[in-house]
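First to last, the sequence lines map onto chains C and P. Position one of the first sequence corresponds to residue 1 (my numbering), numbered consecutively onward. Position one of the second sequence corresponds to residue 344 (my numbering), numbered consecutively onward.
Think of the hints as simulated: they come from the structure by calculation, not from any bench. We treat Cβ as the ideally placed atom computed from N, Cα and C, and that holds for glycine. Check each hint, because a few of them may be wrong.
Covered stretches of chain P, as calculated for chain C (at least 3 residues, CB under 8 Å) [to be verified]:
1) 466-474
2) 484-496
3) 556-570
4) 591-601
5) 607-613
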Amino acid sequence: MTTTPAETVARRTRAGGLLRTAGSRLAHAAAVIFIAYSATFFLLFVLPGDAVLARIGTTDTIGSADVSQLNLDELRDEVGLTDDLGTQYLRGLTGLLHGDLGRSLVTEEPVAGMIADVLPSTVTLAAVSLVPAVPLGFLLAVLAVNPRSRLVRAVASLLPSAYVSLPVFWVGLLFIYLFSLTLGWFPSNGSEEPAALVLPATVLALLGAAQFAQVLISSLRAELGASYAAVTAPAKGAGRFTVVCRHCLRNASFPFLAVFGLRVGSLLGGTVVVEMVFSRAGLGRLMVDAVKAVDLTVVLGLVVVLAAVYVVINILVDVGYALLDPRLRRPSGAGAGSTEARP
Amino acid sequence: MTDATLTTTTRTAERRLSRPRVRVRELHVHLTLLAGLVLVGMFPSLVARHDPYALDGIPFTPPSGTFWFGTDEIGRDLFSRVVHGLQISLFSAALAIAVALVLGAVIGVLSGLRPGGLLDRLLGIVTESVMAIPSVLLALAVITAYGRGAFVAAVAIGIGEATGFARLIRGCVMQASTQTYVEAARTCGAGPLRVVVRHIVPAIFSPVLAYTALHFGLAMLAIGALSYLGFGESPPSPEWGVLIAGGQKYLAHAWWVAIIPGLVLAAVVVLLNRIAYLLQEHR
Chain C
1 MTTTPAETVA RRTRAGGLLR TAGSRLAHAA AVIFIAYSAT FFLLFVLPGD AVLARIGTTD
61 TIGSADVSQL NLDELRDEVG LTDDLGTQYL RGLTGLLHGD LGRSLVTEEP VAGMIADVLP
121 STVTLAAVSL VPAVPLGFLL AVLAVNPRSR LVRAVASLLP SAYVSLPVFW VGLLFIYLFS
181 LTLGWFPSNG SEEPAALVLP ATVLALLGAA QFAQVLISSL RAELGASYAA VTAPAKGAGR
241 FTVVCRHCLR NASFPFLAVF GLRVGSLLGG TVVVEMVFSR AGLGRLMVDA VKAVDLTVVL
301 GLVVVLAAVY VVINILVDVG YALLDPRLRR PSGAGAGSTE ARP
Chain P
344 MTDATLTTTT RTAERRLSRP RVRVRELHVH LTLLAGLVLV GMFPSLVARH DPYALDGIPF
404 TPPSGTFWFG TDEIGRDLFS RVVHGLQISL FSAALAIAVA LVLGAVIGVL SGLRPGGLLD
464 RLLGIVTESV MAIPSVLLAL AVITAYGRGA FVAAVAIGIG EATGFARLIR GCVMQASTQT
524 YVEAARTCGA GPLRVVVRHI VPAIFSPVLA YTALHFGLAM LAIGALSYLG FGESPPSPEW
584 GVLIAGGQKY LAHAWWVAII PGLVLAAVVV LLNRIAYLLQ EHR
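Chain P on its own, in the form it takes in the complex (with noise of 0.2 Å):
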């Protein structure tokens, strides 16, 4: 069997096993749904009928027409409590990514422009060094040194995440940087601000743009979980890993305090890591 029959074989193969006009339309859709999330983020009166924080109805009412995810133990709305806590978690994230991104990108391009080098080294035993740290000791470290709040939660819990995104760029940048057009540059005289800029950052755009959908919902669970644990925001906010913890206790009897938040985080995650996998198929 020649070499040609045998990509050839590969190829149909996977075209079949991919099916990608499908995948784009899928792409197109959850993106669609994800700009509407985004747009009920910024402005949940749009859609939340009721005042997360007034008291509208009879305590512990079950999911009806009036409340839609039902009530909580002093008569709040969850439903409008849920829309106004997504705002909460969605920009908690983009903080927490948008300081794992700077510091990730900083360490990940000093590291990988000169692979084996000092800095390199001294910063890839720093990063491991962070690694090894479980990300919610890590997190509850810099709370207990900057005090508890959604600020710090969401820094600390971006700390945690720079080390794969530096990892990540690392590899990427090491990549892009063999490649003939960024060397056919340096050549030409291009300095290495210039090449990372024009050259590097956009080879690697895509890897870390998959990367960066999917850890966004992992940071929106982190985030809830260390809100869960008392380190986030506090009662009465709506976020969700307060409503959640809120909702415990009554779980026996008002299982909608507690399961209805959390469905609704899983479903916000269960989107962005579709996004990320359809990203990743599509580079």
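This is chain C alone, in the form it adopts within the complex (with noise of 0.2 Å):
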């Protein structure tokens, strides 16, 4: 069986289309790194603080007078802040490029290889809590919208909301004083021994499925209220249960994909603080010793990585789109709007 011209043309203006989209995303993608990178280079070198100060110690500790006998411009020299900064700019961008991200103004450790030894530590956290999370906010949000029971319906959608005014790092105490301290059921800290995971995991599973319920609920909504589930589906005798579970919940689900790529920051921030809070080794700890010792190479590399994470996580997002919605599957997307489109 041979194919029509038109066919050959339509097939192939389709999958040119697919590869100019997946061009332009990588462009894009590439460019909010380029930014990010840039805009904190700027940001920390223009005012390079004392980062060497930090290196051979503070002030404090050394006392003034010693950090006058010392030759500080040579050291500024060895670790390359006495460049100028178009110079600096250049050498980090090509590094960059080459996936260097330097080397630490403190230990001299190269940076790439710092954030590699403690990022499995925070993935884990992160994953581990992500798993209960997502089933979880599904339920809630179903549980605030179906039950007959106006109690029970009052109770979950106001449970989310409630969660997400709390502070990570006083939940994250609360429990430790309950079931650490108290009950003595797990571990309060450490990093090594499985059983040290669950809390903070908890603390971080809660907020994910807090957050992701929010949306959920209010997309749910109004779903509802729309007419293929207020009229049609009830019309053909379906119960509310299977409007809400068969019709509405796939249709709501596009929000909360957005809101799933665009929380994967404030999830990461909420993953350091947790970790501060059990003193967990990971990413906080590395992003809390850097800030305090001003190592902006560590900084720097650190907000690289993270920008990166958000934009593949949000390459990620596009692709479950186009899985949840057939009509993005069509390269000229009849009208169903891209990413942007949706709030």
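Put the two chains together into one complex; each comes in its own frame, and the hints tell you how they fit.
Okay, here's the thing in structure tokens:
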């Protein structure tokens, strides 16, 4: 069976369209990382603080007299802080293209290695907390719109907004007090044993579930008001549960996906704080230590890595859209709109 | 089924769901509570019966009639410290939100007036790049450059919050500027500045207000987290994050030192969150 020329052309443009979409998405992603890098670079290096002083110890600990005896300019020269800003920027940028994030100003270790060392611990925590967060978020959302009991609906819709109002670090302390110090069920700190993962992962899982549920609840309510759910499906004899689960949930998942991408940043931020509360090794500890030591290259490296994570997750979210919404699989998009069109 | 009956059905359903009168009363109650909090924040000595820095009691006295929230590790009255901390929290969050509002309004209006234009695309990608950096890390980067302290922490949080404001305001401006009355004003010869000030700002006021209320609470949480990590106010200041960080060491035998300030912070944020929700319902 041969294809008609028209079909071939259609297929070719479809493939070309997909390639072009993918290409522009990648260019966009690269631009976001580049701008995040540049902005942070100039923010940090225009006023390079006292990174060198931090490297040889703070002025408080060794006294200002000792500092004046050291040849600070020599040390600054050694780490390349005396070069002019443009040279430093270009050097950093070329390094970035080669996947080299430079060396720590304080310990002289390669930044990429320092981040790679602690990344598994943070990723484990984030991943373990996301696994229960998603189903829990969906469960809360369905409970907030479906049951006949007004009390259940009220509680299920109030819980998420109440939980996101709690300071994450404080919830962590509360958990330590209740489940570690009082009940003695789980250890309150440490990063090695799996049991130490339970409390921090629970704090974050509840946060994720609450954030997801909030979005799902509002989008489910909007979908339930649409005529297909309010009139057509019930007219065909579908019960309320069927309407919610079979008809509305899929449509209501789009804003959820968008939030999933956008909230990665805030979830990672939450992870950082939770790591500090439970004294876990991870990005949080690295970040806080780097800021305390004015270790500019480490802060910059963390910014680039986390911006890249954000960008990658948002690309995955776009793929998720395409999987959920068949209209988006057509290249010229029959008015379904891109990510930007979705709130 | 005709369109008319359809709309009636949904309207009845909506009315039954939202029950406007109850909601208005609830909003008024919450706003009164907020006004009370702001008053206490401005004049903390009205309710605080002890000096927040004075060693008035025995260390680690549990909550009681004299010391409502107990005392801390050196015998300072925790209630007075929490009340004085409210002032710092409210002021820092107000500063952060002011920074976010000004930045977000400038970016949002500039890009929303000509959506799809060069300026819009440029500002859009810059906004997205800032959003790509987790807000905690962004704030920490600003603190690395300008040093720690309550002022820098608040401004740093404000810069991170500005992206959300910019996106919201851009959307609202886009929506408002296609309205007939805005086009009519343009036709009558109103300049861009007049259109924005007289026609667009009033139209976007209410969604921005609800968003501000919500993010005021989130800014309080973020500032608390930064001071908890040691980058905002520093001890002996009664800032809530500092109080919680200080109390963490004594969690085992004096839970109240860390738990109560966090509970108060949570309560204030819940209040703001609820106000934001009610404002949104009532636009």
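Hint check:
Residues of the segment 466-474 of chain P with a Cβ under 8 Å from some Cβ of chain C number 6, which satisfies the need for three, so the listed coverage holds. Check result for the segment 484-496 of chain P against chain C: holds, 7 residues qualifying (beta carbon to beta carbon below 8 Å, three or more required). Counting residues of the segment 556-570 of chain P whose CB falls under 8 Å from any CB of chain C gives 4; the rule of at least 3 is met. Residues of the segment 591-601 of chain P with a Cβ under 8 Å from some Cβ of chain C number 5, which satisfies the need for three, so the listed coverage holds.
Beta-carbon proximity to chain C at under 8 Å applies to 4 residues in the segment 607-613 of chain P; the threshold of 3 is reached and the given coverage holds.
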